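Colleague: Chains A and R, in that order, give the protein sequences. Residue numbering for the first sequence follows the numbering used here, beginning at 1 and increasing consecutively. Residue numbering for the second sequence follows the numbering used here, beginning at 1 and increasing consecutively.
Since the hints were made in silico from the structure, they are not lab data. Errors might be hidden in some of the hints.
As the list claims (entries may be wrong) - Here are the simulated EDC-like cross-link-like pairs (lysine to aspartate or glutamate), alpha carbons at most 20 Å apart as the crow flies:
id : chain 1 : residue 1 : chain 2 : residue 2
1  : A       : K144      : R       : D89
2  : A       : K172      : R       : D134
3  : R       : K192      : R       : E260
4  : R       : K84       : A       : D101
5  : R       : K432      : A       : E170
6  : A       : K76       : R       : E77
7  : A       : K76       : A       : E95
8  : R       : K85       : A       : E94
9  : A       : K98       : R       : E61
10 : R       : K86       : A       : E95
11 : A       : K172      : R       : E137
Said to hold, decoys possible - Derived contacts from chain R toward chain A, CB cut-off under 10 Å, selection only:
id : residue
12 : P83
13 : A93
14 : E97
15 : K112
16 : K113
17 : Y127
18 : C131
19 : D134
20 : E137
21 : E138
22 : R162
23 : E166
24 : W429
25 : R433
26 : I434
27 : E436
Being a predicted model, the structure only gives us computed values, none of them experimental. Every residue gets a Cβ at the ideal spot worked out from N, C-alpha and C, and that includes glycine.
Letter by letter, the chains look like this.
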Amino acid sequence: MKMKQPIAVATMMSSLLFLTACNEKEVATPTGIAPQQYTDSLFAVMNADRANYTKLIVQRLGPKGAGAIKPDEHWKDIENGALLPAQMFRAGSEEVAKVTDKFTYSLQSIWPINKQNAPKTPLEKEGLEYIAANPGKNFYGEEKLGDVTYYTAVYPDVAVSPACTSCHNEHKDTPKTDFKLGEVMGGVVIRVPL
Amino acid sequence: MKKIVWGIWLIATISLASYYGYKMFQSENKEALLIGDTSHGHFQIELACSSCHTSPFGGPEVIQDACTNCHAEELEESHDSHPKKKFTDPRNADLLEVIDARYCVSCHTEHKKEQTHSMGLTLPKDYCFHCHQDVGEERESHKDLAFDSCASSGCHNYHDNRALYEDFLVENHQGPWLKEIAQITEANAAAKLSAVFIPASQPGFEEKKTQHPDTHHAWATSIHAAANVDCAGCHSNSKQQWIEAPGIEQCQTCHNAEVETFTQGKHGMKLALGMTAISPSDSLMPFKNQSLAQHQSCSSCHDAHKPDRLFAAKDACLNCHNDEHSLAFDSSPHGQLFSKAIDGMIPAEETVSCATCHMPREKNLVNGKKVISVNHNQNYILRPNEKMIRPVCLQCHNLEFSIDALADEALIKSNFNGKPSIHVQSIDWAIKRIEE
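Looking at chain A on its own, in the form it has when it is part of the complex (with noise of 0.2 Å):
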């Protein structure tokens, strides 16, 4: 009489854990992405819509153009004013920054006009001369700041229209006064936080 009701209990539990179980569905892993295909990705939809704005906005209505835009520093405070393109893809950054912490980027440059948007950390240091030095490379890292292991990578920004370089090297800002198109005037830095 006394072993039956732990038996009806066990029985009980494991017919409905059977039960459950049979009717669970299979569940996939995630396979997950890896961090570099992850950067290269945003990066191609970062370079592409800025590119567009520079050929399709800038050159076609700019002051080269149309002259219905005047593409300027202080945007704001002209009248039809314009961001430029580094501006441009600096908004792009600050708007994502308010949606989501998962990723981060920004432009920088071992010859920068505005000298906060020099590299900080020495891992930036390294990938803006790495590209600077190898064209055509993107660089890979990982690094710490704060408590945080950041995945970070740099890819190069290429003058790719005669607007960049004629603005950077007549700039009275510029420690640099002779980019030519083509060439790597800085760097895009994504970092992900790991």
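Got chain A; can you put chain R on it based on the hints?
Modeller: Okay, now just chain R, sitting in the frame of chain A:
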């Protein structure tokens, strides 16, 4: 013995807890809970704790939202040089360890009046140095400047550099100290938009006109009458019932921009929170005795039945304000121009009054129309006072003169009686860099 001591402790705890509990949850007057005097900007609303402390939980974000609720628009308009978005990138984490520039309260802490500078700053004046230590390497002119002199008048401001950025200085450095033709634009917002707000049919309230013939006569020759704003325009509510003493909500139906800015400034910020309007007796500034009990609203400066803008522009102010700068106005060059306008010798657009500088005219686009409204936030233009340069000073003076004048504290006290005695070198350095 122990029982007595325990008894005393229990009674003391319960009474203190009830007192403060009552103060926090029930009482209207929460003065006992203030942990320190509030700053010059907020002392008027210091008893409206929930205007900033909107929720007991939520951390620094709650206070940040309280700041941005009132001040975000102004920062946006001033093309903030240090917006929060500049600091969210992890590469700036080391800078944020020194000063967490993502939050207003890092630099503008409340309830610490003993360490509060102008514009609510509670940091020592060398706060720029931590991030901009190497400025001397980039700018030869800055090499030997004092490390706490960055944010001085005419040089740099943490938020608003619209009149101070290098390219602006270079673009606008030319011109004589006083222009040939010096004029300010006429405010036209109510005139341009009135057709939208004035109802086609209004109740006449004819019996009121016969009961108050003097008031009716004053109104009949006023600009309100000329704009077809009858008694009902101010003295009635949405149900067309008679209101004996209209409040600012009635003025707001047509003069929205003015009321909105009025309630953002020191004259009306209590009204914005539903508190009784401020009167000079509540303030720490010097005021004339006869005005101490006057609670501020639209009708403090504008006689609603016969609005006189020249009166509102200077005499209304001097009715109350009794400080050195105000009392010096009449004998100053600006004041003497104003006397000429009162006598009709020069048009009103060519004169300068208190309102010219402290309540400047602003261009806005409303429904595609360019309207000019008067910014009634008399404090807006003072934080920092370089905000005055573009909408006001540059109408008549050149940039160099304006920057120097606003940096000369003695000159400000005398209400600009004379030429600036100091010279800020911003423009000279900017020009020098161009020439190199």
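Colleague: So which of those numbered hints doesn't the model satisfy?
Modeller: Going through the list in order, the structure violates hints 15, 16, 17 and 24 and respects the others.
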